[in-house]
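Peer 1: For reference, the chains in residue letters:
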Amino acid sequence: MKPETERTIRDVVRAVGLWHIWGRLGWQDVRLKFRRSAVGVGWIFVNLAVLVASIGFIYANLLGQDTRQFIPYLTIGMILWGYLTSSTVDGGNAFVHSEGYIKQISLPIYVYILRFFVSISVTTLIAMLAYVIVAIVYAVPFRAGTLFVLPGLVMVMTASLLLVTIFAHLNARFRDIAHLASVGMQVLFYVTPVIFPAELLRPRADLSFVVNLNPMFHLLEVVRRPLLGGVAAEGASYAAAGAILVVLAAVAAVVIATNQRRIVYSL
Amino acid sequence: MPHIELDHVDLEFRVGAERHTTLQTALWRGLRRHRAEARTVRALKDLSLTIKSGERVGLIGHNGAGKSTLLKTMAGIYPPQRGRVSIEGHVCPLFEFVTGFEMEATGWENIRTRALLLGMSPKEIDKKIDGIAAFSNLGEFLDIPVRHYSTGMFVRLAFATSTAVDPQILLLDEVMAAGDAAFIESARQRMNELMLRASIVVFASHSLDVLPSFCDRTIVLKEGRIVADGPTADVVRTYVQDSRLS
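In the order they appear, the protein sequences are chains A and B. With my numbering, the residue at position 162 of the first sequence is 162, and numbering never jumps. Each position in the second sequence, counted from 1, maps to that position plus 267 in my numbering.
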């Protein structure tokens, strides 16, 4: 192993071990974000409620959907989509926003990736409480199979961490990347079943590929299906989600290896 | 044993290219298959030095000579492009006292955050936080967000926290505190204690009269190279004479 690679691995391991630092910073970011507002963390719920109410009402009618199934579907979809968008678009600024620390204090820079990851993950988990309320209101059944949501969540969170890692490095060097990611996520939003049910496209031979070949769809499914249906997602979804993680991990490794020594110079 | 070793270290900043690389220029460069000549500033040039446990080293030189860059390299913040940096021991860098605050957080929260970043354990912080608060002399102001602080108050807070660490390697960059006269006096004393606790101190300074009392060895930097390295009294004397001549 090259000494370079060895040092990088040592830095990553050291960063992970400093959980009391990134845990605190990330948690603090969440608290401070809402401190000066009257509604506070409630904004997460207000935001979600307004979106789900407006989109839910229109699309349920437009697409002839039963609101009892559509609203929970939409809620969890929007929460997960928001999480993945934060990971890519806002994740691009993970290093940029920690510049003050990076240039003053000798900690491995990965601490600041984990900090950002904690902050968006906590926000997302709080938003999940909104889903729980929606699920109760709309009497979504809770079965033993619902627990398949846990491995699903682990997969989505891993994807988020890898996305933050990739985009934090790239955007620190090329500030266009965050904008590019924003455009990309917007396009993906319209072609991924979030505000329309996958079942509308899947039976159609000409359009089913939009769902079946869409990696984002499968990443959503490993959480959404167990929550909504109380069963594990399709095998294909787990396979696809697993493949996404492998690809993201490989990309993250390359991005770290090629950029890690340059990050501090590009801030 | 804590030690610092730099072996033929070259460090350069790419001004222009690295700072303002856009995707567009990167793509163009890739397409054209040759690299646009980047403007580089060589901050450290083929620099080698060893500092052993127990040494207190002063670092002097004009503005832009590379003092701060050298300290940041020793801290592991800037990875050099060539050469080897090997550091053993827990490094505590004290570079400036005005960045690294969470504006919306209270004084107490900022003490905890800063202390954690400087390497204190949560338990250690619990033990020391009252002492830090007392030294900062900020009283009730510690309960409000630091957004409302004056510059002097930031310095007090940061100084009180940063000097509470027990570092093995202490890297100081011109940190003689701002603040009122009484604070400066107590700050000097606290800084002395801190320097005595560390097993290696590297201290970049402009105040030549302070150095001899702190440092037994002094290094002079000029344009990124070491031009003198020896007992403080001799080095400072020659440095002053040279400055007068030029």
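Please note that the accuracy of each hint is not assured.
Straight-line alpha carbon distances no greater than 20 Å define the calculated DMTMM-like cross-link-like pairs of lysine to aspartate or glutamate that follow [claimed, not checked]:
(1) A/33 x B/410
(2) A/2 x B/440
(3) B/489 x B/509
(4) A/103 x B/509
(5) A/103 x B/410
(6) A/103 x B/440
(7) A/103 x B/322
Source of the hints: derived by calculation from the structure; they are not laboratory data.
Peer 1: Look at each hint and say if it fits the structure.
Peer 2: Taking the hints in turn, this is what the structure says about them:
Straight-line distance between C-alpha atoms of residue 33 of chain A and residue 410 of chain B comes to about 18 Å, which keeps the hinted pair within the 20 Å bound. Our distance criterion of 20 Å between C-alpha atoms is broken by residue 2 of chain A and residue 440 of chain B, whose separation comes to about 33 Å. Distance hint between residue 489 of chain B and residue 509 of chain B is fulfilled; the C-alpha atoms sit about 12 Å from each other, no more than 20 Å. The suggested pairing of residue 103 of chain A with residue 509 of chain B is violated, with an alpha-carbon distance near 33 Å, which exceeds 20 Å.
Taken as a hint, the residue 103 of chain A and residue 410 of chain B pair is broken in the structure, with Cα atoms around 28 Å apart against an allowance of 20 Å. Only pairs whose Cα atoms come within 20 Å are accepted, and residue 103 of chain A paired with residue 440 of chain B is accepted, the gap being roughly 13 Å. Taking the CA atoms of residue 103 of chain A and residue 322 of chain B, the gap is about 25 Å. The hint is violated against a cut of 20 Å.
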